[in-house]
Amino acid sequence: MSEKVLMKGNEALAEAAVIAGCRHYFAYPITPQNEIPAYMSRRMPEVGGTFLQAESELAAISMVLGAAAGGVRAMTSSSSPGISLKQEGISYIAGSELPCVLVNIMRGGPGLGAIAGAQGDYFQATRGGGNGDYRTIVLAPGSAQELADFTIEAFDLADEYRMPVMILADGYIGQMSEPVVLPKPSGKSFEKPWALTGAKGRKKNIICSMKLIPDTALEEHNLRLQEKYDLITEKVHRVDTYMTDDADWLVVAYGTSARIARKAVDRLRGEGIKAGLFRPLTLWPFPEKELFEVGSKVQKILTVEMSLGQMVEDVKLTMNGEVEVDFHGRAGGAVPALDDIIERINGYERENHTHVQAS
Amino acid sequence: MSVKTIPMYKRPESLSDVRTHYCAGCGHGIIHKLIAEVLDELELREKTIVIAPVGCSVLIYNYLEVDGLEAAHGRAPAVATGIKRARPEMLVISYQGDGDLLAIGTGETVHAANRGEDISVIFVNNAIYGMTGGQLAPTTLVGQKTLTSPAGRNSADVGFPIRACEMLDTLEAPAYIERTSVHNPGAIRKTKKAIFKALKYQKEGRGYSFVEILSMCPTNWGVQPPEAADWVKSDMVPWYPLKKFRDRPADEDADKEKAS
Chain A
1 MSEKVLMKGN
11 EALAEAAVIA
21 GCRHYFAYPI
31 TPQNEIPAYM
41 SRRMPEVGGT
51 FLQAESELAA
61 ISMVLGAAAG
71 GVRAMTSSSS
81 PGISLKQEGI
91 SYIAGSELPC
101 VLVNIMRGGP
111 GLGAIAGAQG
121 DYFQATRGGG
131 NGDYRTIVLA
141 PGSAQELADF
151 TIEAFDLADE
161 YRMPVMILAD
171 GYIGQMSEPV
181 VLPKPSGKSF
191 EKPWALTGAK
201 GRKKNIICSM
211 KLIPDTALEE
221 HNLRLQEKYD
231 LITEKVHRVD
241 TYMTDDADWL
251 VVAYGTSARI
261 ARKAVDRLRG
271 EGIKAGLFRP
281 LTLWPFPEKE
291 LFEVGSKVQK
301 ILTVEMSLGQ
311 MVEDVKLTMN
321 GEVEVDFHGR
331 AGGAVPALDD
341 IIERINGYER
351 ENHTHVQAS
Chain B
1 MSVKTIPMYK
11 RPESLSDVRT
21 HYCAGCGHGI
31 IHKLIAEVLD
41 ELELREKTIV
51 IAPVGCSVLI
61 YNYLEVDGLE
71 AAHGRAPAVA
81 TGIKRARPEM
91 LVISYQGDGD
101 LLAIGTGETV
111 HAANRGEDIS
121 VIFVNNAIYG
131 MTGGQLAPTT
141 LVGQKTLTSP
151 AGRNSADVGF
161 PIRACEMLDT
171 LEAPAYIERT
181 SVHNPGAIRK
191 TKKAIFKALK
201 YQKEGRGYSF
211 VEILSMCPTN
221 WGVQPPEAAD
231 WVKSDMVPWY
241 PLKKFRDRPA
251 DEDADKEKAS
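Those protein sequence lines, which keep their order, are chains A and B. Residues in the first sequence are numbered consecutively from 1, following the working numbering. Residues in the second sequence are numbered consecutively from 1, following the working numbering.
Wrong hints could be hidden among the right ones.
To be verified - With a straight-line cut-off of 25 Å between C-alpha atoms, the simulated DMTMM-like cross-links for lysine to aspartate or glutamate are:
(1) A:Lys300 to A:Asp246
(2) A:Lys8 to A:Glu178
(3) A:Lys203 to B:Glu37
(4) A:Lys203 to B:Glu13
(5) A:Lys200 to B:Glu166
(6) A:Lys200 to B:Asp17
Please keep in mind that the hints were generated in silico from the structure rather than gathered at the bench.
Only chain A is shown next, with the shape it has when bound in the complex (with noise of 0.2 Å):
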């Protein structure tokens, strides 16, 4: 199982998720994530799953409902266009607390926009494009390799904390070949009470999101979701950073954006400036304590996304005026140039000296 094997991303992802114990998997054509219902169409009838091509996005997700109440791991995957169709069947599992994983292979919009890899969905990730007061853990993965690793996680935390766990990569991730080792499987088992099997020698379970009687009824599921949002918000934080000890300016970046950035900070290092790295892993839960952390040692920050700025705001909300916050941002399946982010710290640093002498 630790053997090397090239895939893409997309087939990665949906092998773990076969790992992870998933046999039931609904989803609708949209390119750049067809590779995932692909393998799954050709790889769930081997292990006795559920492959079914769905009539739309809508009808995905509301499948994935159907799944999951049943008390089984299910999951669909989409591409920005589709993930907003989405949006209502989101909305009803985290109303009713139901464990799925939902994967967004993003490309650029607004709209049809085009195919090529984008960040344009974050605020529809981290923010919830459905309607209500509601979270998804959205994880995200900057590799072949982690977008099979984090979707063995997604199962897990789904099961956990009885919520959507969506998967956020841009579709360079999505697409990209490259060397895999397979995970396995966590190990971990989740009990389902509440799951729909029949209301034998037990009461009848319901699972609804209407939450009508008493008057105060909503709220009250409201403030306990929001409890088991602060619970989450506290434990689930994943970060990784690089050469961030000694850093005087800091890149944010995540997905494609953050492989080109590590890129500059060698290039950077290379030339004595000392540049790092802070890539987050989870998104929503953003991780303020770990960039709070390491930002307020630095000089500027700088945030670099495959979007014209969305996970930037989270980047100011945490440094709250601390530390100066800049951004590099491009849209539409463009990809922020190297150079360009090595022009930019490089700027910093001659502004630094100017100013340093001028004093």
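Use these hints to put chain B onto chain A, whose structure you have.
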């Protein structure tokens, strides 16, 4: 000498002992009771999951002593598909109204039927949106006045009422399709038979079953309950003929009998 009493009529075990929230003269209560009676007779209560739609029957899980699951508006057949695929041993009922099944959920309706999902859809057609206060439904009759068609349904503007059974009857996969009504005791008895067939076929794994039931909504039609029942017969039935469109399992059984 002791007298043995045999109950001639009692609350089905599958029907919850709760007060109804439905309006006077509404058909949902009758139909819920029929489903409960059939579940008792087929001994399916402990193996059943009912999918509640958005609409007046959104609280159906309060009335049936079975596991219940809520779907988003129109998505009940997709939710039913998901849980049936996850728990094929369970009996899954998708209970839906006309706005749910034929407007916002037309896609889910057609495709679950087209896949021949092993589920039973109970479709309550009362020609109006009830819960939201009486708006035009896809099954509102031409000329029928509603909150959003105050001058009556104008077919030149919004088209004609959709006939669900006839539409689904064009598909290859469904096993059983029938339209019944609950406007009088005779019609109610026929409806029970249709529900019995639908659930029995699912129990036997014989494919997708669909029962459309014409029903009353006196509140939103703005008439008294007796008039509402009469209107089903006088106005709805001519457009929505009561008919068995398809009964493949019965045909197959008849063929088998002939062969043996």
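The hints, checked one at a time:
no.: 1; hint: A:Lys300 to A:Asp246; result: 13 Å, holds
no.: 2; hint: A:Lys8 to A:Glu178; result: 6 Å, holds
no.: 3; hint: A:Lys203 to B:Glu37; result: 19 Å, holds
no.: 4; hint: A:Lys203 to B:Glu13; result: 13 Å, holds
no.: 5; hint: A:Lys200 to B:Glu166; result: 38 Å, violated
no.: 6; hint: A:Lys200 to B:Asp17; result: 18 Å, holds
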